[in-house]
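Chains as they are written, first to last, in the numbering used here: chain A, 1284 to 1652; chain B, 1284 to 1652; chain C, 1284 to 1652; chain D, 1284 to 1652.
Because the hints were derived from the structure by calculation, they are not lab data. Since the model is a prediction, treat every value here as computed from it, not as a measurement. Treat the hints with caution; some may be incorrect.
As the list claims (entries may be wrong) - No farther apart than 27 Å at their CA atoms in a straight line, the calculated lysine-lysine pairs in the DSS-like style are these:
id : chain 1 : residue 1 : chain 2 : residue 2
1  : C       : K1450     : C       : K1332
2  : A       : K1475     : A       : K1349
3  : B       : K1475     : B       : K1486
4  : B       : K1450     : A       : K1450
5  : A       : K1450     : A       : K1332
6  : A       : K1349     : D       : K1349
7  : D       : K1450     : C       : K1450
8  : C       : K1337     : C       : K1609
9  : C       : K1475     : C       : K1450
10 : B       : K1450     : B       : K1332
11 : A       : K1450     : A       : K1486
12 : C       : K1609     : B       : K1349
Claimed, not checked - Sample of chain B residues lacking proximity to chain D, with all beta carbon distances greater than 10 Å (derived):
id : residue
13 : H1401
14 : F1456
15 : L1561
Unchecked claim - Label-pair ranges, simulated between beta-carbon atoms:
id : chain 1 : residue 1 : chain 2 : residue 2 : range
16 : D       : V1472     : C       : R1330     : 45 to 53 Å
17 : B       : A1604     : C       : D1358     : 50 to 58 Å
18 : C       : K1337     : D       : R1552     : 29 to 37 Å
19 : D       : E1356     : B       : G1554     : 47 to 55 Å
20 : D       : Q1555     : B       : Q1557     : 19 to 27 Å
21 : D       : R1326     : C       : Q1555     : 48 to 56 Å
22 : B       : P1503     : A       : Q1602     : 33 to 41 Å
23 : D       : D1462     : C       : Q1555     : 50 to 58 Å
24 : A       : K1337     : D       : E1347     : 39 to 47 Å
25 : D       : E1538     : B       : D1357     : 49 to 57 Å
Just so it is clear, CB atoms sit at the ideal spot from N, CA and C, and this is done for glycine as well.
Protein chains: 4
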Amino acid sequence: MSHNSFGQMFRFTTWGESHGPALGVVIDGCPSGLRIDAETIQRDLDRRKPGQSKYTTQRREADEVKILSGVFEDDRTDGLRTTGTPISLMIENTDQRSKDYGDIRDKYRPGHADFTYHQKYGIRDYRGGGRSSARETAARVAAGAVAKLVIPDVQIRASLVQVGPHKIDYSRFDWDEVDNNPFFCADPVAAKEWATYLDGIRKEGSSVGAVIEVVAENVPVGLGAPVYGKLDQDLASAMMSINAVKAVEIGAGFEAAELTGVTNADEMRAGQEQPYFLSNHAGGILGGISNGDPVVVRFAVKPTSSILVPRQTVTEKNQNADIITKGRHDPCVGIRAVPVGESMMALVLADHLLRHRAQTGREGGIGHE
Amino acid sequence: MSHNSFGQMFRFTTWGESHGPALGVVIDGCPSGLRIDAETIQRDLDRRKPGQSKYTTQRREADEVKILSGVFEDDRTDGLRTTGTPISLMIENTDQRSKDYGDIRDKYRPGHADFTYHQKYGIRDYRGGGRSSARETAARVAAGAVAKLVIPDVQIRASLVQVGPHKIDYSRFDWDEVDNNPFFCADPVAAKEWATYLDGIRKEGSSVGAVIEVVAENVPVGLGAPVYGKLDQDLASAMMSINAVKAVEIGAGFEAAELTGVTNADEMRAGQEQPYFLSNHAGGILGGISNGDPVVVRFAVKPTSSILVPRQTVTEKNQNADIITKGRHDPCVGIRAVPVGESMMALVLADHLLRHRAQTGREGGIGHE
Amino acid sequence: MSHNSFGQMFRFTTWGESHGPALGVVIDGCPSGLRIDAETIQRDLDRRKPGQSKYTTQRREADEVKILSGVFEDDRTDGLRTTGTPISLMIENTDQRSKDYGDIRDKYRPGHADFTYHQKYGIRDYRGGGRSSARETAARVAAGAVAKLVIPDVQIRASLVQVGPHKIDYSRFDWDEVDNNPFFCADPVAAKEWATYLDGIRKEGSSVGAVIEVVAENVPVGLGAPVYGKLDQDLASAMMSINAVKAVEIGAGFEAAELTGVTNADEMRAGQEQPYFLSNHAGGILGGISNGDPVVVRFAVKPTSSILVPRQTVTEKNQNADIITKGRHDPCVGIRAVPVGESMMALVLADHLLRHRAQTGREGGIGHE
Amino acid sequence: MSHNSFGQMFRFTTWGESHGPALGVVIDGCPSGLRIDAETIQRDLDRRKPGQSKYTTQRREADEVKILSGVFEDDRTDGLRTTGTPISLMIENTDQRSKDYGDIRDKYRPGHADFTYHQKYGIRDYRGGGRSSARETAARVAAGAVAKLVIPDVQIRASLVQVGPHKIDYSRFDWDEVDNNPFFCADPVAAKEWATYLDGIRKEGSSVGAVIEVVAENVPVGLGAPVYGKLDQDLASAMMSINAVKAVEIGAGFEAAELTGVTNADEMRAGQEQPYFLSNHAGGILGGISNGDPVVVRFAVKPTSSILVPRQTVTEKNQNADIITKGRHDPCVGIRAVPVGESMMALVLADHLLRHRAQTGREGGIGHE
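Next comes chain A alone, as it looks inside the complex (with noise of 0.2 Å):
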């Protein structure tokens, strides 16, 4: 049992707060022999990092990524490799600023964990969010990164589909437009439209939830297991755990409550080699497993709580008072989360497919295969 570990057979743990002088993750479980550099961790790290355009926080990280344990080179080896020993991995800490928290020390800001942590631990780090900051993210966006060497057939890929009540047409979904926005936006049109409606947000000093969807493509058909190893439940855990996240579907989602069992049926016709399906209302998850077509998983984040229109609040002492939260903040935390949850479902994918492997070895056969 671990509260900053996740996964089973490769396994991540995450620490760091946000102003402290560095983060990091250990991942525990990689298999061994897997080229590895940094460059390609520090990619990914870069479509999280903040800074990049004026709907996200204007903090400003390197966010650059050590390697620091679990791999190896020599004149063999053809380049850096996985050991099999765990990978750790550094992120330092560069642009604090922690005297812009200084007068949230003794008020809890509504939405944010101040009271809840306060309450538990009886003390908290209140620069910026410690523990709770979404600076833990980068943790997570380094570890996806080496778990996507695990599952190198897998396409995974994500888009924003919803800012505030905002959505996009899935009719000009397109995910090479994915790139071409600062939203992570597969839909041009929408971009556009939501860039204008953020830009107001910003300058109201509020903030907006967001909807991303996720889909990993070329998933092999078995990972999972019933009935609490299911694939769809370590999806919702992990991107529930996503800070801000307040809701998780598969598939259909909270659509299939509505549908008939006749028209949610993913009907099957045959296939060359394997049977195929008509739809994907599953998401891609039978049963809790896999079953070859995309995984599709969307997720819910709420708008930043860290706004500077005054909410009513408390303090410490329990007296009530005025807050706002000055600071540098996305008005639209969900942004940064599209590589995040990309981030996340490779994590899952890699480790069930580590689990899978030790499930199905099936010795002395069996007759109806």
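Once you've looked at the hints, dock chains B, C and D against the given chain A.
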């Protein structure tokens, strides 16, 4: 790591197939000295039991629970008590009618785990779905009844809040109505409308999805832990592990995406002894830790996959076929998911209460508590 | 985390008390497709069964195992097969004679868990020791029989090598002798001497300790992992978890302390396909990982604590008293620990074989393999 | 499941190789509010540090620990305090001299993990043993220093009690002597004899094994749990996880095999408030649970495998060769295992103390407590 266990400190492991001799659960970590009896567990099981109305499967199971271990009674204990050792509960299967399922031996039922189990394991117990049957949830409900002994002050209730496209009207919400209709519905007007609607669905040989809301009141502040031990994360995992669940949300859930930071903020005011919240968009959880407000979870259940309308599928040998799933099924499996949702809430809270105890010994004290 | 489970990928959970209705085990993670039958499991249980000679307890238990889940058979499976779902095994208690234990209700038996259970849990099932009874080992032996299906090429054998101060002569060691005497002893001469010695001990109403040696041959190279997943670490944990065990050693064990680096070195020579070792002080494990040589474990069992000689103790109310433990006990509980040791070896190796599979997928290959 | 983590509630994960940039440990589950400082941790690290006498390796490492997360200080905390979030500790490697190890790139050193790592992972960091180096124990000692904060009332001490064939005389045992000689030996006379003996061993270019005894006093009654959460089981696992350890025993240990039930019984007498024991063959543990008496563990360390005497081995290409392991090694690696043994004891006890808290909430009470 275990595919069939859930929880960390209050940990349960279920076993059994739909058409095997029995199913059961082993609970490990239940504190000692709690008064327990088979009747209390039976009462919860009876709420979930099939065959209670025409809206649930006509399979008739006594679902009689036996306590096989972990309890003790003598003239000093004032009744049966838990001893701190594993509590083994068993329910024998009595009404199995295996013949009903013989014709689906070779075909995959759309929406079921048939295809994925077969692909993963190379063998499947097709009788009633085997391990993937909703019968497994009886074991959860039995375990949940024990979990409730650990959190006697917490009140957990649930209501069906949507059947197909028909939602309840929250202005009529009344917990006292839940046991007055066959749908566990807190809105008596909606319940009547659903009766008519579901009669139609049943006669069509179809089925329909549903949404369940579970609310836990009087939850102590402090349950849950950053970052991968979040209470909402475990609730999402718990609910998604229930058969046919496709979506989970906490508090405002997906609606949070549409809100601004100003409207979503749960403002605080100073109370007599503790501060209190003016709203509960958070669903009782901040930063993964309970804040003392009601914990609110909703989850969506897809329509029962076993329907009498023929659907296209393939055989195990990858040949096209049509299939009708005879047998005795629920037109809306979401109904029986209501008590299951309550049980999962109890199991998660009991686990986190025990974990909380371990985490919060603060020897040596600290200044600003 | 579970106090009553062992293993990671091949994980079992035992439950049950000495004088409850039954005891059992749930095995989670057993691969699918393995041929299994109750007879094979029964055969192992019968070796451990009490009442087989005057040197073991006269309690007579049928110890008949029932397979309740996790298996399936139809006309295509060529017998009963595992399905990959949890295998639940149950053994009903038949010969309990609870009255024998009535007079120890209020007194702590020296060397038993009575005092510590009572202190920890505030309640104890004193009938036959409850959960602390050696009867729990029947559940392990049943699980071990299933574990052996996972490692069919590994040969596991054990011998009693010391009873009280009397050790075997290794020059007479012959595995074929183990089943020719009531002590599972590979030295037939020692077995005869022990018979006389143990008759004396039994007549005195006393008991005596023992040492067991377990050897696994044909173990694949590579099982185990640095640093806290060492094979020897798990073997130590496994053997120490058996009732009354006070010491465990691997290979040269405590004798290694007396050796120099020169004599202790297991030198290597080039073999036809693989290198081989000229000695096995390591007991088949280097750096926590199996090296292909026989895995050799020895463990010491203390004398049975239940004896007929009066000993000083206290009551639950902290008053001085004397105690004689009547009932039917083993004069040397180490004898029946022999098959238990074999089972624990099988359980650890099966678990590590499955773990090994997950760890060693090396996609992308590597140069110097 | 994690191969590089230990503990359940107080759980630590180590990472790092002998010749990588750094090594470290992440501690998860440490309660909040404990006063902590780098100096306290450093003090324990300095005891284990190499290069302190001619009897340990001449490698000179500053072993300077940095606290990277999990702590906080402001004007209200009275010094640095733990916050309940993961504590990340890092020690940079400074004196690596990789060239020393270049010639063992292609050969397996007998007694080392070279062969098994290579077989398992297909790649190995041969520089100083990489992950299998005893340098990993620095991370344990750092973690152990934090563990001691959780159990401030428990006193843990250890002594080397045997070097090669030379045992201490327990009649001269004096804890105060431990820090007066370079062997952490409680018998000053033995320490002098060992000095002469080890000088000889060192000059021969050989090495020798040792036995360490660790004693924890003032351990609360009730730590540990039946059946696979036994305190002695976890202690066995902990000690066996230390590099080069081949044997572990609790209390009377292997000697218990020679005793009768009459002599082995730890009789009890009524005390003022609690009963007490007249002897401690049990080593402070009954039925897997601490009984309040000193917890006594001994473990054997094999002789350092790296010696200057040529030994036969093979190359990676399975060709015969001789090998001398140059570099800077301990003639008796058991010496530096003394503080490591203390640390492992602290880590196991801290973990079980936290587990105990979770297990023993007895809401509703019970009559005969």
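Structure-based check of each hint:
A C-alpha spacing of about 24 Å is found between K1450/C and K1332/C, which places the hinted pair at or below 27 Å, so the restraint holds. At roughly 37 Å between alpha-carbon atoms, K1475/A and K1349/A are farther apart than 27 Å, so this suggested pair is violated. With a C-alpha separation of about 17 Å, the suggested pairing of K1475/B with K1486/B holds against the 27 Å cut-off. At roughly 23 Å between alpha-carbon atoms, K1450/B and K1450/A fall within 27 Å of each other, so this suggested pair holds.
As the CA atoms of K1450/A and K1332/A are separated by approximately 24 Å, the hinted pair is consistent with the 27 Å bound. A threshold of 27 Å between alpha carbons decides the hint, and for K1349/A with K1349/D the separation of about 16 Å falls inside it, so the pair holds. Taking the CA atoms of K1450/D and K1450/C, the gap is near 23 Å; set against the 27 Å cutoff, the hint holds. For the hint pairing K1337/C with K1609/C, the CA-to-CA distance comes to about 16 Å; that is within 27 Å, so the pair holds.
Between K1475/C and K1450/C the CA atoms are separated by roughly 12 Å; this keeps the pair inside 27 Å, and the hint holds. At roughly 24 Å between alpha-carbon atoms, K1450/B and K1332/B fall within 27 Å of each other, so this suggested pair holds. Proposed proximity of K1450/A and K1486/A is supported: the alpha carbons are some 21 Å apart, at most 27 Å. Our distance criterion of 27 Å between C-alpha atoms is broken by K1609/C and K1349/B, whose separation comes to about 31 Å.
Remark: the non-interface label on H1401/B is consistent with the geometry, its nearest Cβ contact in chain D lying 27 Å away (cut-off 10 Å). For F1456/B, the requirement that its beta carbon stay farther than 10 Å from each beta carbon of chain D is met, with the minimum near 31 Å. Consistency note on L1561/B: stated as away from chain D, and its beta-carbon is indeed over 10 Å from all of that chain's, at 28 Å minimum. Take V1472/D and R1330/C: their Cβ atoms lie about 50 Å apart, and the range 45 to 53 Å holds.
Our hint of 50 to 58 Å for A1604/B and D1358/C is violated, since their Cβ atoms are close to 20 Å apart. For the pair K1337/C and R1552/D, the beta carbons lie near 34 Å from each other, so the given range of 29 to 37 Å is met. In this structure the hint that E1356/D and G1554/B lie 47 to 55 Å apart at CB is violated, the actual value being about 30 Å. Take Q1555/D and Q1557/B: their Cβ atoms lie about 42 Å apart, and the range 19 to 27 Å is violated.
About 54 Å separates the C-beta atoms of R1326/D and Q1555/C, a value consistent with the hinted range of 48 to 56 Å. As the Cβ distance of P1503/B to Q1602/A is approximately 23 Å, the hint placing it in 33 to 41 Å is violated. At roughly 54 Å, the beta-carbon separation of D1462/D and Q1555/C lies within the given 50 to 58 Å, and the hint holds. Range check, K1337/A to E1347/D: about 43 Å between beta-carbon atoms, so the 39 to 47 Å window is met.
At roughly 38 Å, the beta carbons of E1538/D and D1357/B sit outside the given window of 49 to 57 Å.
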